[in-house]
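Engineer: The task is simple: from the sequences and hints, build the whole structure.
2 protein chains.
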Amino acid sequence: MSEPTATRSFDIDPLLARRSSPRAFSATDTLNQDLLGPAFEAARWAPSSGNSQPWSFVVGFRGDDTFGKIVESMATGNSVWAAHASAVVACVARMENEEGKALSHSVYDLGQAVAHFSVQATAEGLIVHQMAGFDSQALHASLGLDARHQVITLFAVGTPGDPADLPEKLREREALPRVRKPLAEVVTGSVSYA
Amino acid sequence: MSEPTATRSFDIDPLLARRSSPRAFSATDTLNQDLLGPAFEAARWAPSSGNSQPWSFVVGFRGDDTFGKIVESMATGNSVWAAHASAVVACVARMENEEGKALSHSVYDLGQAVAHFSVQATAEGLIVHQMAGFDSQALHASLGLDARHQVITLFAVGTPGDPADLPEKLREREALPRVRKPLAEVVTGSVSYA
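So the sequence lines, in the order shown, correspond to chains A and B. Using the numbering used here, you'd call the opening residue of the first sequence number 1 and step up by one each time. Using the numbering used here, you'd call the opening residue of the second sequence number 1 and step up by one each time.
Hints listed in this document are in silico derivations from the structure and should not be mistaken for laboratory results. Please read all numbers here as calculations on a predicted model, not as lab measurements. Just so you know, even glycine gets a beta-carbon here, dropped at the ideal spot from N, CA and C. Where hints are given, some of them may not hold.
Under 8 Å between C-beta atoms, here's a sample of chain B residues computed to sit facing chain A [to be verified]: (1) 16; (2) 112; (3) 114; (4) 150; (5) 152.
Think about it this way: if two alpha-carbon atoms lie no more than 25 Å apart in a straight line, the pair counts; the simulated PhoX-like pairs of lysine-lysine are [unchecked claim]: (6) B:169 - B:181; (7) A:181 - A:169; (8) B:181 - A:181; (9) B:181 - A:101.
Structural biologist: The structure is reproduced here in structure tokens:
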């Protein structure tokens, strides 16, 4: 899979360098729980505050009920491409413990777990694209979650498809160079990056 | 570096498998911005909502002013081991955009960036241990951050030390097997993991 250009000041591990968030998913390839197993295993071993592991994941495969509920909650700008993916996943944070005490770092820790999922998925030749554009409350209801949990993000996971199959605007966006703020802007203190 | 036993249902990439959060840091090895460059570069290329990149990092090296400010903000249960590390880092989330609109996924995205940092650091032979136990408001003040930013976590980064140098209670904890909830408990929907 070719990667739109990314300018780096330091070399990074190929797994991290290869990871990106494409929108062109194969609409015919399928996944199953064994094929997703290593990526969820990686998420499982992410670090968390006090080893609270405040994350959970609700998985749907293309064509099944859970898939339909998750896609239905998406903003149309997301469902237009994500509905083609082999699987979609709702990423859930536990917001309080058994005693009703707020877990302050659940959302942060969920982000770490999904990052670990994405890195392992990349190792498996899969692509992952996360989304914040969806109706979290509607999905909370349709998935039957309790008040202690919130759906924070969704992601689509599958095998790469042909960008030519995307709507024109998304096809153009897919080919743009990848960009990030310079290191000097995001890392400060006792350092002085160029 | 030996790793306390971890039971896995699926094999994961060695980089992710090797990553853990030890407390025994070398108190003599030093780091500099070039040695930390690849890990920050990895953090820089993490995904974020709308590519907002709402993260920044304030770095201190053992013995300098920034290091002192960050260690001073730590709960003593953390400073007792983290003060030996070659570097400590304050992980900062931007909570609103230029127009004062809340950035809903900053904390989640910061978690992803730190996860990417940790994976790359592991590739460099470094160890990382994150902390939520610190006085975020005091550190916000001593680092001179503005109202749009919050310090969400800290981490220590360095080279492995000798667990025998840790206080007894931490030494014992360091040798315990690593544990996580079973996959079946955290991944649901159209899957049925053992």
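Engineer: If a hint holds in the structure, say so; if it does not, say that too.
Structural biologist: Do the hints match the structure? See the list:
| no. | hint | result |
| --- | --- | --- |
| 1 | 16 | holds, 5 Å |
| 2 | 112 | holds, 4 Å |
| 3 | 114 | holds, 7 Å |
| 4 | 150 | violated, 11 Å |
| 5 | 152 | holds, 6 Å |
| 6 | B:169 - B:181 | holds, 24 Å |
| 7 | A:181 - A:169 | holds, 24 Å |
| 8 | B:181 - A:181 | violated, 37 Å |
| 9 | B:181 - A:101 | holds, 20 Å |
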